[in-house]
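Enquirer: Sequence:
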Amino acid sequence: MLEKTFEPQAAEPRLYAQWEESGLFAPRAAKPTDGAADAYSIVIPPPNVTGSLHIGHALNNTLQDILARYHRMKGKAVLWLPGTDHAGIATQMVVERQLAAAGAPGRRDMGRDAFIEKVWEWKAESGGTIVRQLRRLGASCDWSRERFTLDEGLNAAVRKVFVKLHQDGLIYRDKRLVNWDPHFQTAISDLEVEQREQDGHYWHFAYPLADGVTYEHPTTFDEDGKATEFETRDFIVVATTRPETMLGDTGVAVHPDDERYAGLVGKEVILPITGRRSPIVADDYADPTKGSGAVKITPAHDFNDFGVGKRAGLAALNVLDAFARITNEDVPEIPADLVGLDRFAARKAIVARAEEENWLREIEKTKHVAPHGDRSGVVIEPWLTDQWYVDAHILAQPALKAVEQGDTVFEPKSYEKIYFEWLRNIEPWCISRQLWWGHRIPAWYDEDGQIYVAETEEEAIAQAGGKALTQDEDVLDTWFSSALWPFSTMGWPEKTEDLERFYPTSDLVTAADIIFFWVARMMMMGMHFMDGEVPFKRVIINGLVRDEKGQKMSKSKGNVIDPLGIIDELGADPLRFTMAILSGTRDIKLSKQRIEGYRNFGTKLWNAARFSQMNEAKRVEGFDPATVEQTINRWIRGELTKAERAVSEAIEGGRFDDAASGLYRFVWNVFCDWYLELAKPVFNGADEAAKAETRAMTAWTIDQTLKLLHPVMPFITEELWAELGKEGPAREGLLIGAEWPVLPDAFIDTAAEGEIGWLVDLVGEIRALRAEMNVPPSAKPPLAFVAPDAVTAERIARHRDLLLTLGRVSEITSVEAAPAGAVTFVSGSTTAALSLAGIIDLTAERARLEKEIAVFDSDIGHVNKKLGNPNFVSRAAPEVVDEQRAKLAEAEEGKVKLQAALARLDAMAGA
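Numbering (the numbering used here), first residue to last: 729 to 1639.
Everything labelled a hint here was simulated from the structure, so no lab data went into it. Treat the hints with caution; some may be incorrect.
Stated by the list, open to error - Estimated spans, in silico, between C-beta atoms of each pair: (1) Glu1297 / Asn1502: 19 to 27 Å; (2) Asp1070 / Thr956: 43 to 51 Å; (3) Pro760 / Gly1350: 44 to 52 Å; (4) Glu1090 / Gln1321: 31 to 39 Å; (5) Arg1039 / Ser1602: 31 to 39 Å; (6) Gly1068 / Gln1321: 54 to 62 Å; (7) Lys1594 / Ala832: 40 to 48 Å; (8) Ala832 / Gln1178: 54 to 62 Å; (9) Glu1090 / Glu987: 20 to 28 Å; (10) Ala745 / Ala1507: 20 to 28 Å.
To be verified - Straight-line Cα separation of at most 20 Å, EDC-like style, residue types lysine to aspartate or glutamate; simulated pairs: (11) Lys1093 / Asp1114; (12) Lys1594 / Glu1607; (13) Lys1265 / Glu1186; (14) Lys1038 / Glu1061; (15) Lys851 / Asp841; (16) Lys1320 / Glu1349; (17) Lys1265 / Glu1297; (18) Lys1277 / Glu1261; (19) Lys1018 / Asp1058; (20) Lys732 / Glu1455; (21) Lys1038 / Asp1058; (22) Lys1141 / Glu1377; (23) Lys1265 / Glu1349; (24) Lys802 / Asp1473; (25) Lys1615 / Glu1061; (26) Lys892 / Glu1186; (27) Lys1223 / Glu874; (28) Lys1508 / Glu1483; (29) Lys1095 / Asp927; (30) Lys1579 / Glu1522; (31) Lys1095 / Glu1084; (32) Lys1346 / Glu874; (33) Lys1594 / Glu1611; (34) Lys804 / Glu731; (35) Lys1195 / Glu1228; (36) Lys759 / Glu731; (37) Lys1594 / Glu1578; (38) Lys802 / Glu1460; (39) Lys1454 / Glu1349; (40) Lys802 / Glu1618.
We put the beta carbon where it would ideally sit given N, CA and C, even for glycine.
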């Protein structure tokens, strides 16, 4: 007999160990009859080696595991390939902090080789944390194939790709603006930049016009916006949030259609402090409606300005060094007292000088968004520096075409827009990073600065004719090696059996925020190096997990849900089921209460299995569900078949929420609430043949249900599979390796469906009426059918005992007209009447209903007032507006139900 409850804390480690020992995580052996459709492959989005399992990982890996387990049970050779990313900045930061905490020499003190050795030591000791945590979630990856983006094989693949792209002219070195992190002293990707709102100022500076030029600046305007008064100015006003960058200004931009400055285009200003002459240029970037309409242009320190500078032919002058300190290397005119100052100290000094020399015209308080390094937390500087780049535009064209023509599809399809938008407007990809941990760039330099690119130092020296060479100090962007993930992990550049069998992969499950950083780059690299084949046929985008109010989870808000804490307390299955059933939306609102609710679902299944055991429902050797005769057994067989169809189609279509919802409905609403209730009289009856058939059918149905539920809730289903397998014929193996049920259409019996459907609807209507009319649970009103037809009369006779028990009615009769004081309702083609006279107090019930309707009216009025206020709708957070709309819909629905109950009450009184 099953224990009273399932104990996940004890069972889950044991069950996972059994799965690993079984070897079933690895793809099954190839068969001579196998074709492309007999393989299913998926590569894990490699989590950072520094990482711990967070709720986003839990969602993403649950969905992947559902796919892997489902296709494995369908008989396919499944490869779910795991691995971790070396996470350049994150790992280097962790180890540097560890060294500092231990009082050990710093990175630069110990030197590159010694530091890299320390990182590998850390990786060996602590780098497997997230892999162990994925096991706790139940991830059925083939751990024997686990890869690391810095392992020897992937290192070789990275070098080969770099060299080939360089030979093809698609990798080159250039001086361009990058996101520069002054703390880590490296370029970082856009994904590693956080835009944070902060308090700041706009400093308005007056730049003098050169050569005595003046112009008439409008000061007063009429109602039509036409200037009526002017003042003569020999300066032009610009505004900036970063005064220190003015040292590198090489122009002032105005809009081509801005009449105020039309006569100044082509003239020059004299920059304060440096005295440099800089032209006034016309460019659409300048917005006449913002500030003065004139914009200072610093091409070396602003991405937009860099574009204006290119269009206008303005010089790009660097005035900051790698530490974000003022340098005069490009601008010798910078005063000595500013050179070497930190950018923020220089800002204060420049503003003070502007005020002293009277070219500071205004200080405007503002809130503005500034880029910060997500790891360092410091303000990022756009910085002009020599870096390695990939010509992403060329590589993007086949990747665009592949999605346009459907070789790779996105689910949901709407996410294609993000993919297209990025690839159609793609910029050169900066792939070099000024770090030590990562793939070192395979480029060497001779004394004259000549570059030699090769897979090995020996090859580079040979290219250089034996000259002494020095390797580039930089490493590659982490995303570069990740872009090769689908094919490099399967052994490329070697021609391996895995590549032959499992590439291209079937699915990729990932998040929307890395569509351009990772998905698009895998498409570009995969198609370039794998003969034009896409790396995956379908991209399934999972949503973002937020808190129950729709707010982003963050430690500072205290609203983070720790998946490991949930697993410790509730087990992995409730978390997985919750992730699946909520996965159909872009923003997943999650609360611990939701997860606890789905733990109850597992408990319901466990209790159903215990109930079946107590009623001697055992698996029977040779049992054939096609031969069952009892109506309830033919009905549950059909319901199970429909559930199998719905779940299979949903998983195949990547609609995990539909799959979970279908499982929930069948297990809870159909099997537990109805089938087992309908089976009780049979179990307790004297018809031994019916009893034996129903016991066998119950056991068979539970078995099939465990199979259907296993991909979503693998632990509890595997435990039940083992425990229930102790009786009846011996199991052939673990549930993870069982065959997915494929049930024939003939199992759906329309006659049984019609009859049990009638019974279920009738009992449901009686229960709803009892609740609606506030009938005491102990009361048993009589039920009458008004002139039932022959079919209904036969059904009433067959199911009289069930109706008396499940409907909690005292008697069932057939009458020619509804009795006085009865509530009538339609059941199928017949009218039924529930006699409530003398059971409920009509006056008190009317007062209750009217009072509750008044409460709903008040709520509806209150919410409508809020939603009718344009200021509320425009200013409130979207999740707050959505919450109010949901509250309104709920109140309106509740009012309609109570009004229907009041109408029934009136009908009773009238009768």
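Enquirer: Against this structure, judge whether each hint is valid.
Expert: Structure-based check of all given hints:
1. Glu1297 / Asn1502: 19 to 27 Å: 38 Å, violated
2. Asp1070 / Thr956: 43 to 51 Å: Since aspartate 1070 and threonine 956 have Cβ atoms about 47 Å apart, the given range 43 to 51 Å holds.
3. Pro760 / Gly1350: 44 to 52 Å: 31 Å, violated
4. Glu1090 / Gln1321: 31 to 39 Å: 53 Å, violated
5. Arg1039 / Ser1602: 31 to 39 Å: Between arginine 1039 and serine 1602, where Cβ atoms are some 37 Å apart, the hint holds.
6. Gly1068 / Gln1321: 54 to 62 Å: The hint (54 to 62 Å, Cβ to Cβ) holds, given that glycine 1068 and glutamine 1321 are roughly 57 Å apart.
7. Lys1594 / Ala832: 40 to 48 Å: 59 Å, violated
8. Ala832 / Gln1178: 54 to 62 Å: Hint violated: Cβ distance 38 Å, outside 54 to 62 Å.
9. Glu1090 / Glu987: 20 to 28 Å: 23 Å, holds
10. Ala745 / Ala1507: 20 to 28 Å: Given a distance of about 54 Å, which is not inside 20 to 28 Å, the answer is violated.
11. Lys1093 / Asp1114: 36 Å, violated
12. Lys1594 / Glu1607: 14 Å, holds
13. Lys1265 / Glu1186: 40 Å, violated
14. Lys1038 / Glu1061: 23 Å, violated
15. Lys851 / Asp841: 15 Å, holds
16. Lys1320 / Glu1349: 43 Å, violated
17. Lys1265 / Glu1297: 38 Å, violated
18. Lys1277 / Glu1261: With Cα atoms ~43 Å apart, lysine 1277 and glutamate 1261 exceed 20 Å; violated.
19. Lys1018 / Asp1058: 31 Å, violated
20. Lys732 / Glu1455: Satisfied, since the Cα-Cα distance of roughly 18 Å is no more than 20 Å.
21. Lys1038 / Asp1058: 18 Å, holds
22. Lys1141 / Glu1377: 18 Å, holds
23. Lys1265 / Glu1349: Violated, at roughly 42 Å.
24. Lys802 / Asp1473: 18 Å, holds
25. Lys1615 / Glu1061: 65 Å, violated
26. Lys892 / Glu1186: 17 Å, holds
27. Lys1223 / Glu874: Holds: lysine 1223 and glutamate 874 sit about 19 Å apart, inside 20 Å.
28. Lys1508 / Glu1483: Violated, at about 24 Å.
29. Lys1095 / Asp927: At roughly 5 Å apart (the allowed maximum being 20 Å), aspartate 927 and lysine 1095 satisfy the hint.
30. Lys1579 / Glu1522: The given pair, whose Cα atoms are some 43 Å apart, is violated under the 20 Å limit.
31. Lys1095 / Glu1084: Status violated; Cα separation ~26 Å.
32. Lys1346 / Glu874: This hinted pair is violated, its Cα atoms lying about 41 Å apart.
33. Lys1594 / Glu1611: This hinted pair holds, its Cα atoms lying about 12 Å apart.
34. Lys804 / Glu731: Outside the cut-off at roughly 35 Å; violated.
35. Lys1195 / Glu1228: This hinted pair is violated, its Cα atoms lying about 42 Å apart.
36. Lys759 / Glu731: 41 Å, violated
37. Lys1594 / Glu1578: Violated: lysine 1594 and glutamate 1578 sit about 25 Å apart, past 20 Å.
38. Lys802 / Glu1460: 16 Å, holds
39. Lys1454 / Glu1349: 13 Å, holds
40. Lys802 / Glu1618: 42 Å, violated
The structure fails to meet hints 1, 3, 4, 7, 8, 10, 11, 13, 14, 16, 17, 18, 19, 23, 25, 28, 30, 31, 32, 34, 35, 36, 37, 40 from the earlier list, while all remaining hints are met.
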